[in-house]
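Asker: Chains as they are written, first to last, in numbering that gives the first Met the number 0: chain Z, 0 to 245; chain L, 0 to 259.
To be clear, the hints were calculated from the coordinates, so they are not data collected in a lab.
As the structure is a prediction and not an experimental result, all values here were calculated from the model.
From the three backbone atoms N, C-alpha and C, an ideal C-beta is built for every residue, glycine too.
A few of these clues could be false.
Stated by the list, open to error - Just the calculated beta-carbon pair ranges, DEER-fashion:
1) K224(Z) <-> G186(L): 57 to 63 Å
2) V225(L) <-> A221(Z): 44 to 50 Å
3) Q4(Z) <-> I228(L): 49 to 55 Å
4) K224(Z) <-> R28(L): 43 to 49 Å
5) G186(L) <-> S90(Z): 38 to 44 Å
6) Q144(Z) <-> V225(L): 45 to 51 Å
7) A221(Z) <-> T52(L): 31 to 37 Å
8) T164(L) <-> E139(Z): 36 to 42 Å
9) K227(Z) <-> T59(L): 36 to 42 Å
10) Q144(Z) <-> T76(L): 25 to 31 Å
11) A184(L) <-> A221(Z): 52 to 58 Å
12) N203(L) <-> A152(Z): 22 to 28 Å
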Amino acid sequence: MENAQLVALSRQSILRNHLDVIANNMANINTSGYKSQNLHFAEYVMPVADGTAFEPQDRDISYVDMFTTRTDFTHGSLKMTGNDFDLALNSDGFFAVQLPDGTEAYTRAGSFHLDNTGQLVTAEGLPVLTETGPITFSVEDGNVQIAGDGTIATNLGIRGRMKVVDFEDVRTLEKIGDTMFRGEDPLPAAQVSLVQGGLENSNVYGITEVTHLIEVTRAYDATSKIVKDLDELRQQAISTLGRFQA
Amino acid sequence: MKALHIAATGMKAQELNVEVISNNVANMRTTGFKKQRADFQDLLYQNLRRMGTETSDAGTIVPTGIQIGSGVKIASTARIMSQGSLEQTGKELDLAIRGEGFFQIQLPDGTTGYTRDGSFERDANGQLVTIDGYIVDPGINIPTNAKDITISNTGVVQGVNQNGTTVELGQLQLARFVNKAGLEAIGDNLYLETDASGAPETSNPGDDGYGSVQQYFLEMANVDAVTEIADLISAQRAYEMNSQIIQAADEMYSTTTNLR
Chain Z
0 MENAQLVALS RQSILRNHLD VIANNMANIN TSGYKSQNLH FAEYVMPVAD
50 GTAFEPQDRD ISYVDMFTTR TDFTHGSLKM TGNDFDLALN SDGFFAVQLP
100 DGTEAYTRAG SFHLDNTGQL VTAEGLPVLT ETGPITFSVE DGNVQIAGDG
150 TIATNLGIRG RMKVVDFEDV RTLEKIGDTM FRGEDPLPAA QVSLVQGGLE
200 NSNVYGITEV THLIEVTRAY DATSKIVKDL DELRQQAIST LGRFQA
Chain L
0 MKALHIAATG MKAQELNVEV ISNNVANMRT TGFKKQRADF QDLLYQNLRR
50 MGTETSDAGT IVPTGIQIGS GVKIASTARI MSQGSLEQTG KELDLAIRGE
100 GFFQIQLPDG TTGYTRDGSF ERDANGQLVT IDGYIVDPGI NIPTNAKDIT
150 ISNTGVVQGV NQNGTTVELG QLQLARFVNK AGLEAIGDNL YLETDASGAP
200 ETSNPGDDGY GSVQQYFLEM ANVDAVTEIA DLISAQRAYE MNSQIIQAAD
250 EMYSTTTNLR
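Based on the sequences and whatever the hints tell you, model everything.
Answerer: Listed below in structure tokens is the structure:
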């Protein structure tokens with residue numbers, strides 16, 4: 000009978016984590032370039048050892064366990080801002096950013112700025128990479144035009160091309176905060192289509208998250224009910240079986 | 000259960016978003032005002048199950064791990080330095096900049112402030128000053144007997160003296176920055192140079208890379224009411240949805256406490 004309570008407990012602790020994931024999506028509903036996550040569950044069967052190895056034969060018990068948080072890489076909607084250094088990717092792929100330790104991180108949040116030396120940087124001040132490394136603009140460059148294929152043109156002619164990379168399997172990317180991802184073996188994006196003066200909105204849909212939220216709270220309630228019923232059952236068992244028949 | 004705190008970061012971020020939007024709307028009719036935008040980023044992730052770790056002796060690995068985020072933060076309130084529309088005022092010392100550049104203003108403490116607000120006046124000595132009486136740099140003195148002041152697109156200030164001859168009174172200059180979005184706003188439509196903006200470079204209006212000056216016009220704020228209201232609605236709804244999460248988390252806590 001305790002097993003049922005433990006199964007219920009496994010369910011409840013997972014639901015709490017699921018709520019955390021939903022809360023994080025909701026908190027980032029206005030974060031440009033944010034990709035929503037979903038928590039997937041897996042059945043965890045006990046005993047792990049072969050069931051027939053024991054006498055009397057154990058019955059399998061299914062617990063629930065977290066399997067993975069799957070990031071949804073569908074594109075968010077496009078918001079036009081009119082800011083020259085706001086870039087939105089309309090195709091698959093990521094902008095490359097140089098981290099302080101020299102490695103690269105990848106992001107779809109294209110709200111870039113210039114720093115005091117005219118270098119193209121993220122809001123954190125990390126250099127944004129072109130195909131030939133970081134790029135610096137000076138007063139002579141005048142207006143910076145970034146074409147749909149990522150080519151950067153100024154008054155001084157063509158200055159380079161935005162580095163846009165893609166991955167064999169985007170599911171292997173690790174979120175590291177600041178709307179950035181870390182990944183291995185980037186490939187040049189097959190097709191680049193970017194929009195200057197626009198930003199990609201978060202791909203979190205309020206209604207989907209609220210639906211998930213309702214599911215989670217109700218599932219939590221239901222599981223609590225089971226725990227409560229089990230408790231009553233046990234209480235009854237104790238009082239009935241423990242009654243002394245004279 | 001971190002959900003309570005995660006939702007709190009979401010509410011806090013949207014609260015700031017509304018503050019930024021309301022400041023934009025409040026300054027919709029402020030001469031030379033440049034709107035701001037709140038940019039958000041997600042916070043660090045907790046790796047409950049790391050991707051790439053081995054799951055068996057055979058070398059199979061976890062393809063996608065379990066990452067639980069911890070909310071949102073405000074990355075920057077970037078100022079959008081786009082051109083505002085020009086409005087004709089008919090006042091001869093009203094100047095608007097078309098294109099790049101800022102007027103330089105001598106602040107009382109001796110430092111230089113920068114502004115796009117060209118609603119200038121003459122003080123008692125005939126000096127060209129801002130509405131607050133701060134001197135426009137480089138100084139331009141307009142004698143009392145000078146009339147019909149004309150300011151050319153390239154910033155040359157001319158007047159007609161009592162003999163009816165045209166005399167040159169001075170030359171306006173504009174300053175520009177590598178990163179104008181990095182300027183620090185100090186109110187009164189003024190900006191200060193910072194480490195992020197870089198040092199100013201000055202030149203005459205109309206020179207390569209600098210905007211031109213338009214007399215009898217003022218630059219309006221670059222705030223677009225429709226965009227601001229749309230942003231306000233989405234910020235308010237996001238705030239509401241985050242409060243829903245707090246309620247849900249609270250309900251789950253109460254379910255737990257009512258178990259017995």
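Asker: Are the hints correct? Go through all of them and say.
Answerer: Outcome of the hint check:
1. K224(Z) <-> G186(L): 57 to 63 Å: Holds, since K224(Z) and G186(L) (Cβ atoms, about 58 Å apart) stay within the stated range.
2. V225(L) <-> A221(Z): 44 to 50 Å: Holds: the Cβ-Cβ distance is about 45 Å, inside 44 to 50 Å.
3. Q4(Z) <-> I228(L): 49 to 55 Å: holds, 53 Å
4. K224(Z) <-> R28(L): 43 to 49 Å: At roughly 59 Å between Cβ atoms, R28(L) and K224(Z) fall outside 43 to 49 Å, so the hint is violated.
5. G186(L) <-> S90(Z): 38 to 44 Å: holds, 43 Å
6. Q144(Z) <-> V225(L): 45 to 51 Å: violated, 26 Å
7. A221(Z) <-> T52(L): 31 to 37 Å: holds, 33 Å
8. T164(L) <-> E139(Z): 36 to 42 Å: Given about 39 Å between the Cβ atoms, the range holds.
9. K227(Z) <-> T59(L): 36 to 42 Å: About 40 Å separates the Cβ atoms of K227(Z) and T59(L), which means 36 to 42 Å holds.
10. Q144(Z) <-> T76(L): 25 to 31 Å: holds, 26 Å
11. A184(L) <-> A221(Z): 52 to 58 Å: holds, 54 Å
12. N203(L) <-> A152(Z): 22 to 28 Å: holds, 27 Å
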